[in-house]
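If you're matching them up, the sequences are chains A and B in order. The opening position of the first sequence corresponds to residue 44 in our numbering, with each subsequent residue numbered one higher. The opening position of the second sequence corresponds to residue 46 in our numbering, with each subsequent residue numbered one higher.
Treat the hints as calculated values from the structure; they're not laboratory data. Treat each hint with caution, since some may be false.
The list that follows gives simulated cross-link-like pairs (lysine to aspartate or glutamate, DMTMM-like), each with its CA atoms no further than 25 Å apart [what the hints assert, rightly or not]:
#1 A/144 x B/167
#2 A/144 x B/159
#3 A/144 x B/102
#4 A/144 x B/101
#5 A/144 x B/266
#6 A/108 x B/266
#7 A/108 x B/159
Away from chain A, derived, C-beta distances all over 12 Å, residues of chain B [claimed, not checked]:
#8 87
#9 94
#10 104
#11 117
#12 135
#13 173
#14 174
#15 187
#16 195
#17 219
#18 224
#19 295
#20 308
Being a predicted model, the structure only gives us computed values, none of them experimental. Just so it is clear, CB atoms sit at the ideal spot from N, CA and C, and this is done for glycine as well.
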Amino acid sequence: MADSPQKFDKKSRYTEGRGIAGAFEGETVTRRRLMEGTALAVGGVATMAFALPGLGFALGPLFEKTNPTRWQDVGAEGDFNDVSYVPRVMNIDPEIGDAGKTTIYVRKFNRDIDKVVEGQDSQPYVVISTRCAHLGCPVRYIQASQKFVCPCHGGVYDSQGKVQGGPPVRPLDRFYTKAVAGRVLVGDRFSLNSQLERFSPRDPSNHLDGLWQYIYPSRPTT
Amino acid sequence: MKLPSPPRALRRSPPKPGEDERRNGGRDGRNGAPATKPGAKEHAVEGVASVVGWLDERTGTSPFLRGFLYRKVPKGTNWFYTLGSATMFAFLSQAVTGVFLAMYYEPDSSRAYESASRITNEVFLGEFVRGMHRWGSTVMIILIFLHMGRTFFFGAYKYPRELNWIIGVVLIVLTLMMGLTGYLLPFDQRSFWATVVAVNLNASGPIVGPYLADFLRVGSEFGPTTISRFYALHMLAIPGLIAALIGAHLYLVAKLGTTAPPWLKAEKKDLLREEV
Numbered sequence: 044m045a046d047s048p049q050k051f052d053k054k055s056r057y058t059e060g061r062g063i064a065g066a067f068e069g070e071t072v073t074r075r076r077l078m079e080g081t082a083l084a085v086g087g088v089a090t091m092a093f094a095l096p097g098l099g100f101a102l103g104p105l106f107e108k109t110n111p112t113r114w115q116d117v118g119a120e121g122d123f124n125d126v127s128y129v130p131r132v133m134n135i136d137p138e139i140g141d142a143g144k145t146t147i148y149v150r151k152f153n154r155d156i157d158k159v160v161e162g163q164d165s166q167p168y169v170v171i172s173t174r175c176a177h178l179g180c181p182v183r184y185i186q187a188s189q190k191f192v193c194p195c196h197g198g199v200y201d202s203q204g205k206v207q208g209g210p211p212v213r214p215l216d217r218f219y220t221k222a223v224a225g226r227v228l229v230g231d232r233f234s235l236n237s238q239l240e241r242f243s244p245r246d247p248s249n250h251l252d253g254l255w256q257y258i259y260p261s262r263p264t265t
Numbered sequence: 046m047k048l049p050s051p052p053r054a055l056r057r058s059p060p061k062p063g064e065d066e067r068r069n070g071g072r073d074g075r076n077g078a079p080a081t082k083p084g085a086k087e088h089a090v091e092g093v094a095s096v097v098g099w100l101d102e103r104t105g106t107s108p109f110l111r112g113f114l115y116r117k118v119p120k121g122t123n124w125f126y127t128l129g130s131a132t133m134f135a136f137l138s139q140a141v142t143g144v145f146l147a148m149y150y151e152p153d154s155s156r157a158y159e160s161a162s163r164i165t166n167e168v169f170l171g172e173f174v175r176g177m178h179r180w181g182s183t184v185m186i187i188l189i190f191l192h193m194g195r196t197f198f199f200g201a202y203k204y205p206r207e208l209n210w211i212i213g214v215v216l217i218v219l220t221l222m223m224g225l226t227g228y229l230l231p232f233d234q235r236s237f238w239a240t241v242v243a244v245n246l247n248a249s250g251p252i253v254g255p256y257l258a259d260f261l262r263v264g265s266e267f268g269p270t271t272i273s274r275f276y277a278l279h280m281l282a283i284p285g286l287i288a289a290l291i292g293a294h295l296y297l298v299a300k301l302g303t304t305a306p307p308w309l310k311a312e313k314k315d316l317l318r319e320e321v
C-alpha cells in the first residue's frame, strides 16, 4: 500500500497487517492480529480443559493419605516377651493380597534396653519393620548374632534396628502399637533417625539426620 | 530423478528375439491397435499402477520418499550407520508384540501373574511372542547404546546436530523407562522386588524424589493400582512419546544429513594449504 498514510509506526508487530484490504486508519490492533490471538486463546483453553483435569487425576494420589490407619491384631500379649523378637506377618495393603504381606518382629518394650526419647511417648511394644532403610528389600533377624541383615546390598542393623554397616541411611522403621483387651494391635508405620527419635514415615533411602532430613520432607500420603 | 523401477514380477518382460512381437499385448500392434487382448496379468499391473499413481498424485508420497530415502550420503558411510534403523526396528517389533501380548494380559494385581503364565504355557505361540518381547527389550537397549556410541565416537553430535543428540538422549531415557515399567508386569517375586527397589531408588532423589515415588506407586505403599499405573505408562504414555520423538529424530536426520566417519580427511585440505 504505497498510498496509505505513514502516521503509525510500521515496525509495531500489532499493526503489521494495516495495509491489508479493509483495514481502516487508526487501528491499534488489526483484525488479523485479533483473529490470531483469539484462535490461539481458544485452542489454549480447549487444551487446558482436558489436560489440567487429566493431570490432576494422575497426580491426585500424591496429595491425599492413601493408606488409612488400620489396627491389626498380631497375637495375644502372652505371645511376646521383652528380650527376644517374635516374627509375625501383617498386611500393609490387603487389596493386593499376598504382595501386601510383610514380616514384622515384635518384642515387648523393655526399659533396660529401649531408649525413651524425651517428649515422645514410648510404644508398649517394639515392632520392627523388615523393610530395609536402604532400598526396601526385606531384612531378616539372625538370632545368633542378634542382627537384622538385608540380602540385597548387605545392610546390617543391631537388635534395636540401628545401622551397624552397609548402605542404609537410617534405622529400621517401626510401627505404632497398643494393647487392647489382652491383644497386641499394630497400626501405622513411623521412621526413626539415628537417635531413635520418631518421624513421620519416609521412603527407604531418605536420610533423617542433620541437614539431610530437610531435603526429604514429610509427604501428604503418609 | 525417477522413482525406483517396480519389482521384476510386475515388469513386462521384453519379447525374446524371434518370438511373435504381438504377443506382448498392447500398443505395438499394427496401426497402433492392440493385436491381442491384454491378459489378466496386464490388467493387474495396470490396476496396481493406477492405484499407486492415484495415491501418489494426491499425497505427494514419491517426492517425499525421494527426498527422504535417496539422500546423498557422505563417502565412507558403513555398517555402523545402520544402528539407528536397527534400534527403530527393535522398537517396532516391541510395539507389535506388545499390542498382541496386551490381548491376553490382565493388568490386575490378582490376575497379572496368572495371565502372564497363561500366555507362556497355554496360548498358541504365546511363549514365542512373549519371548520376542522379553529378549527384544534387551536387544533394543543394547542397540540404542551402540547407536549412541557410534554417534559419539564419530563426532556426529556436533553442530548442527546437537538437537538430534538431545532428542536421542531423551529417547534413551524413555527406553530405559520402558524397561523399568515393563519389568513389573509379569508380577512374580523378582519383578515385584526389583520394582520395589527401583521405586525406592527414585525416592532417594532430594525433595522431588519421594513425590516421584508416590506418583509411581500411587501412594506411600505398593498398592493395587501400582500395576495399572505401570501398565498405562508402559503401554500408552511412554511408547507414544517414543514414537513422536523418533519422528522428530528422523526428520532431523533427513534435514541435516549424516556425517562422514572421522577417519576420512576433508577433500579441501590441499587447497587450504596452498592458500597459506
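* Hints breached by this structure -> 1, 3, 4 and 7
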